[in-house]
Amino acid sequence: MNMWGYYNNMVSSKPAPPVMNQPTPFSTQVVSHLASHYSLLNQENQYGSWAIQVSPSDYFSVVSDLKSRHQFTMLTDLCGVHYVEPEPVLAVVAHLHHLPERSRLFVSVHLPIDNPSIDSLVSLYDAANWMERETYDFFGIIFKGHPHLVRILNEDSMTVFPLRKGFPLEDSTRDDKDDRMFGR
Amino acid sequence: MTPDKKTVTVNLGPTHPATHGVFQNIIELDGERIVEAESTVGYIHRAFEKLSEHRPFYQITPITDRLNYCSSPINNIGWHLTVERLLGVQTNRRIDYMRIIIMELARIADHIVCNGILGVDSGAFSGFLYVFQQRESIYEIYEEICGSRLTTNIGRIGGFERDFSDVAIAKLRHFLEEFPKVLSEFEALFDRNRIFMDRTIGVGALSAERALAYGFTGPNLRATGVDYDCRVAEPYSSYTDFEFDIPIGQNGDTYDRYLVRNQEMWQSLSLIRQALDALPSDDYHVHVPEFYLPPKAQVATVMEALIYHFKVVMGEIPVPKGTVYSAVEGANGELGYYLISDGGRSPYRLHFRRPCFIYYQAFPEMVKGALLSDAVMTMSSLNLIAGELDA
Chain A
1 MNMWGYYNNM
11 VSSKPAPPVM
21 NQPTPFSTQV
31 VSHLASHYSL
41 LNQENQYGSW
51 AIQVSPSDYF
61 SVVSDLKSRH
71 QFTMLTDLCG
81 VHYVEPEPVL
91 AVVAHLHHLP
101 ERSRLFVSVH
111 LPIDNPSIDS
121 LVSLYDAANW
131 MERETYDFFG
141 IIFKGHPHLV
151 RILNEDSMTV
161 FPLRKGFPLE
171 DSTRDDKDDR
181 MFGR
Chain B
1 MTPDKKTVTV
11 NLGPTHPATH
21 GVFQNIIELD
31 GERIVEAEST
41 VGYIHRAFEK
51 LSEHRPFYQI
61 TPITDRLNYC
71 SSPINNIGWH
81 LTVERLLGVQ
91 TNRRIDYMRI
101 IIMELARIAD
111 HIVCNGILGV
121 DSGAFSGFLY
131 VFQQRESIYE
141 IYEEICGSRL
151 TTNIGRIGGF
161 ERDFSDVAIA
171 KLRHFLEEFP
181 KVLSEFEALF
191 DRNRIFMDRT
201 IGVGALSAER
211 ALAYGFTGPN
221 LRATGVDYDC
231 RVAEPYSSYT
241 DFEFDIPIGQ
251 NGDTYDRYLV
261 RNQEMWQSLS
271 LIRQALDALP
281 SDDYHVHVPE
291 FYLPPKAQVA
301 TVMEALIYHF
311 KVVMGEIPVP
321 KGTVYSAVEG
331 ANGELGYYLI
341 SDGGRSPYRL
351 HFRRPCFIYY
361 QAFPEMVKGA
371 LLSDAVMTMS
381 SLNLIAGELD
391 A
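In order, the protein sequence lines correspond to chains A and B. Per my numbering, the first sequence runs over residues 1 to 184. Per my numbering, the second sequence runs over residues 1 to 391.
I should point out that these hints are in silico values taken from the structure, not numbers from a laboratory. Be a bit skeptical, because a hint or two may be false.
[To be verified] Simulated restraints, written as ranges between beta carbons of each label pair:
#, chain 1, residue 1, chain 2, residue 2, range
1, B, 44, A, 100, 43 to 53 Å
2, B, 136, A, 56, 46 to 56 Å
3, B, 50, A, 42, 19 to 29 Å
4, B, 180, A, 44, 42 to 52 Å
5, B, 140, A, 37, 57 to 67 Å
6, B, 177, A, 68, 49 to 59 Å
7, B, 368, A, 69, 29 to 39 Å
8, B, 136, A, 68, 45 to 55 Å
9, A, 42, B, 123, 53 to 63 Å
In this text, a Cβ means the ideal position worked out from N, Cα and C, and glycines have one as well.
Assemble the whole structure, with the sequences as input and the hints as a guide.
Put into structure tokens, the structure is as follows:
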């Protein structure tokens, strides 16, 4: 495969080790380019990778830009976070990876908890399909334009979103455990 | 079923022996050709991410055991590396080399399972039996190092709970001597076996572009020709000190995945040998008393040890606030830990990037148009571990 240049044959096993906890110059350049086109609500160096926060309306175009213009060909992961403070929000974090430049970039977006909906990335990355289903399953975040947004790991009849902070570790709907006997 | 329906629906799984775990595949068959496939997962979901939000950091290690249980030491050490990165702890060379030895052993054990079972699924049982004897030797080495075999809970945050014993080193040396013979024998059985080649070449092939789009990592991605390996791209645990190659395939089919795994075993062997020969003498753990249970004898006599013992067990330890993503090269792909710490006793949020959860969604595309028996081979060669997939 020569289309990426980097992926030729066997690579030498001795790369220049990346500087610990310091973003690569490439990703810094990409972030500054993004900052000139979009309004970045937050920009943070997370142990050597840039994490940027964008507004929900910019989210899809930022990721699309990163994929087509900056060649972040890999969507490593996508997950939700429920922040309680300072105000309750649901966040979606997309982990993007530029393989040849060894740069990771985290794009996050904060959504209101009463109407958490965001554009789906499935049209950009096929891998986003199950990741978004998982995020929907655990946080109840609606991904607009997702081809098949149903629960994936939990059972379909479930009505709660278990990774939200308000949901207790032990299922509060269970009635087979008596607190007096188990000392809870 | 409507009378004019031409296709037959077949449920492959969730308890079919060929699925090696609880996966359900609803397959639409036209004769023996697969027209459509749909995968259902989640049968052994155990809410690890929710559990992790309620446990102190060191108690999360046993949870990671149960992700990819064929190579749990990699998961354990991956988690320790994540916490060490959050804390800013630098481990010494001896710890790094010990970790490399154990992680590469785990990689061999995992690949033995995957390739051995691939043989079984194609009807060749003997190769599987030969290599499984060696897997037993690896488990004996684990047992010597940490006391357990499958769910190892090996090591601690900041190093190891005890040093390698002389018996462990002797068993390692013995393994390094014995395994190459068995692996050569295994390769002689399969590599140029006409039946095996006919069953695997061109089966379940995926192009590099599609594999990247689906977020493939590990041997499955490398079989398509993309040489991405966390050990090289983002070296951790002093992997830069050693000489090793990243084997890649060309066609991304079942045969290439098999070959890549076999080659990786040779590389792992060479890594273990290099690390064992260069093993420096130093402490087997760094000074992180907040995460490291003091020796039991000291707890009874030294006050500081008792205090730390209490603090470690109760998890009353200040940790930095921050968000860290740390990835290791698991046996079946990039295993990532996305950890958000708010300074509390347990993670605010911990997300596991499970490689096979992400690449299993490509399965319907990989088997479309293939024969039903090819679907079994494809699934087997993907190295799917239900425990990891469902988390």
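Okay, the hints, checked on the actual structure:
Taking the beta carbon of each, residue 44/B and residue 100/A are about 37 Å apart, not inside 43 to 53 Å as hinted. As the Cβ distance of residue 136/B to residue 56/A is approximately 54 Å, the hint placing it in 46 to 56 Å holds. Taking 19 to 29 Å as the suggested C-beta distance range, the pair residue 50/B and residue 42/A conforms, at roughly 26 Å. Our hint of 42 to 52 Å for residue 180/B and residue 44/A holds, since their Cβ atoms are close to 48 Å apart.
The given range of 57 to 67 Å is respected by residue 140/B and residue 37/A, whose C-beta atoms sit roughly 58 Å from each other. In this structure the supplied range 49 to 59 Å holds for residue 177/B paired with residue 68/A, their Cβ-Cβ distance being about 53 Å. At roughly 32 Å, the beta carbons of residue 368/B and residue 69/A sit within the given window of 29 to 39 Å. One distance hint, 45 to 55 Å for the beta-carbon pair residue 136/B and residue 68/A, holds here, with the actual separation near 50 Å.
Checked against the hint of 53 to 63 Å, the C-beta distance between residue 42/A and residue 123/B comes to roughly 57 Å, which is consistent with it.
Taken one by one, the earlier hints fail for this structure only at number 1.
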